[in-house]
Amino acid sequence: MPSAATVLGNAKAVDFLTERGFAGPKVAFILGSGWGHFVDSTEVVEACPYEEIPDFGASTVAGHAGRLVRGRVQIGGGAGDGSAAADESFDYLAMQGRMHRYEGHPLSRIGDAVAVLAGLGVRELVVTCAAGGVNPSYSVGDLVLIHDYINFMLESPVRGATPPAGSRSGTSPRMVKLAEDAAAGADIPLHRGVLFSSKGPTYETPAEVRMVRTLGGDVASMSTAPELIAASSLGLEAVAFACVTNMAPGVIPGAEVTHDEVIEVMQASRAKFSTLLAALLQAFETHRP
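The numbering used here numbers the first residue of the sequence shown as 1 and each following residue consecutively.
Quick caveat, the hints were computed from the structure, so don't treat them as lab data.
All of these numbers come straight from a predicted model, not from anything done at the bench.
Straight line, CA to CA, 20 Å or less: simulated SDA-like cross-link-like pairs of lysine to any residue:
(1) Lys26 - Glu285
(2) Lys12 - Glu46
(3) Lys177 - Leu190
(4) Lys12 - Ala23
(5) Lys177 - Thr275
(6) Lys26 - Ser89
(7) Lys199 - Arg109
(8) Lys12 - Pro49
(9) Lys199 - Arg210
(10) Lys199 - Leu154
(11) Lys12 - Gly24
(12) Lys177 - Arg288
(13) Lys177 - Pro189
(14) Lys177 - Val194
(15) Lys199 - Met153
(16) Lys26 - Thr286
(17) Lys272 - Asp181
(18) Lys12 - Gly66
(19) Lys199 - Met211
(20) Lys272 - Gly185
(21) Lys272 - Ala186
(22) Lys177 - His287
(23) Lys199 - Asp148
(24) Lys272 - Val176
(25) Lys272 - Leu190
(26) Lys199 - Gly216
(27) Lys272 - Asp142
(28) Lys26 - Lys177
(29) Lys12 - Ala47
(30) Lys26 - Pro289
(31) Lys26 - Cys48
(32) Lys177 - Asp187
(33) Lys177 - Ile188
(34) Lys272 - Arg72
(35) Lys199 - Pro249
With the hints as extra help, turn the sequences into a complete structure.
Encoded structure:
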């Protein structure tokens, strides 16, 4: 019977990327709209456009660079004397931009991308996105640590796997705790919230926003749940973050949202993102079981 590992996967992509020097890092980031600046704040060791990776797919959304990156973050530094504090560095993989269901990609392809990361040696996955704020206590620019989600895409990237794959939540309690501690250490405030994930591409109506809130959602996005489902099914630990780029229609009377507005808010927050993700990388690398 097929397992999640056999339903998902792209051996040609793994072989291609291994030959290009992408294998090895244990931590990977999936960088959603506006989060890609993190890569630019680090050393880029290798980079490959998605179009060059066999059967990988492409990202077509503004704000998504559409490339896989092997990067390096230098922690400490400044001493120049060869000490551990000066020389400590950590490699990571990053999908600088993702594939979305609304672009026409099947969820299996989105899951395949996670399987490729796993095939390259990744064991811990950080998924990021831009999201609309549904919880009225949130504000534009806030960061939300996703501890659970509602998959309203009503399909799964591991469809066809038997027995049923994955856990009830794709987030790892260990990684959630490490993320909270890392954010506190970097003086970055976080909410803990539930992500409502739908297919898009249209933004929610005020009536739909009321439904999301009734169901327990705090933020709404058109991504992230598929990657978390795939990660859990493949045995990866995962954690997710959303940046509130707008208050969803109906939360603030008369509020409307455009993708340009989303990108503008994300650009204003990019230094905070880079600090947070670097702190997460260090925490995961230094507290691995």
